[in-house]
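Construct the entire structure; sequences and hints are all you get.
For reference, each letter of the sequence shown is one residue, going 1 to 164 in the numbering used here.
No lab work stands behind these hints, which were simulated from the structure alone. The beta carbon of each residue, even a glycine, is placed where N, CA and C say it ideally should be. One or more of the hints may lead you astray.
The calculated lysine-lysine pairs, modelled on DSS-like cross-linking and capped at a C-alpha distance of 27 Å, are [unchecked claim]: (1) LYS145 / LYS133; (2) LYS103 / LYS145; (3) LYS129 / LYS145; (4) LYS103 / LYS129; (5) LYS103 / LYS133.
Using C-beta positions, here's what the derived DEER-type ranges look like [stated by the list, open to error]: (6) ASN137 / PRO31: 19 to 25 Å; (7) ARG29 / ARG139: 32 to 38 Å; (8) PRO164 / TYR39: 21 to 27 Å; (9) GLY28 / VAL126: 34 to 40 Å; (10) GLU36 / LEU162: 14 to 20 Å; (11) ILE35 / PRO125: 16 to 22 Å; (12) ASP163 / GLN98: 37 to 43 Å; (13) ILE35 / TRP141: 37 to 43 Å; (14) GLU36 / ILE160: 35 to 41 Å.
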Amino acid sequence: MVQQEGPPSLRSSSFNFCAYLAVGKIPGRLPIPCIELNYLSIRINFNDMEESLAALCLLRSSPNLQELEILGRPEEQTIPVRVKSIGEEDYDNCPLNQLRLVKIAGIIGVRCELDFINFLLANSPVLEKMTVKPTSNDRGWELLKELVRFRRASVQAEIIYLDP
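Shown next as structure tokens:
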């Protein structure tokens, strides 16, 4: 029997099941890193702390990630403020040194989403472009004002706001 050490040839992946990854104790990193993974697409309910931690686990385990697509699930975000929030320590030790392109869609502009976006901008030193497309224009100007105030690790990072 041949035991596979990990996904050595996995270069692109789409995870629509962060909720399933969030069951049980979530490790800081996967036991075997996804070295070849350069594109990742995930669907996430930002109000669910376990899903956010599972997404961070995937990011920490993908050191060569170059493109990230995040699709929010606003239909499941019925609570405006998360009962328990991710702490700054959860965002520690997660450099995204290869991340160049981020696309985020389906957000409504609540604090937990903004915290995640802030984390991505602050930890991506070679980021070239982040595209953000909310679900509605209800908080459009407020969201845009928040986005442009975030510090960026990359001096060349461009934030593009798309109307819904």
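Item to check | Violations among the numbered hints | outcome: 6, 9, 10, 12 and 14
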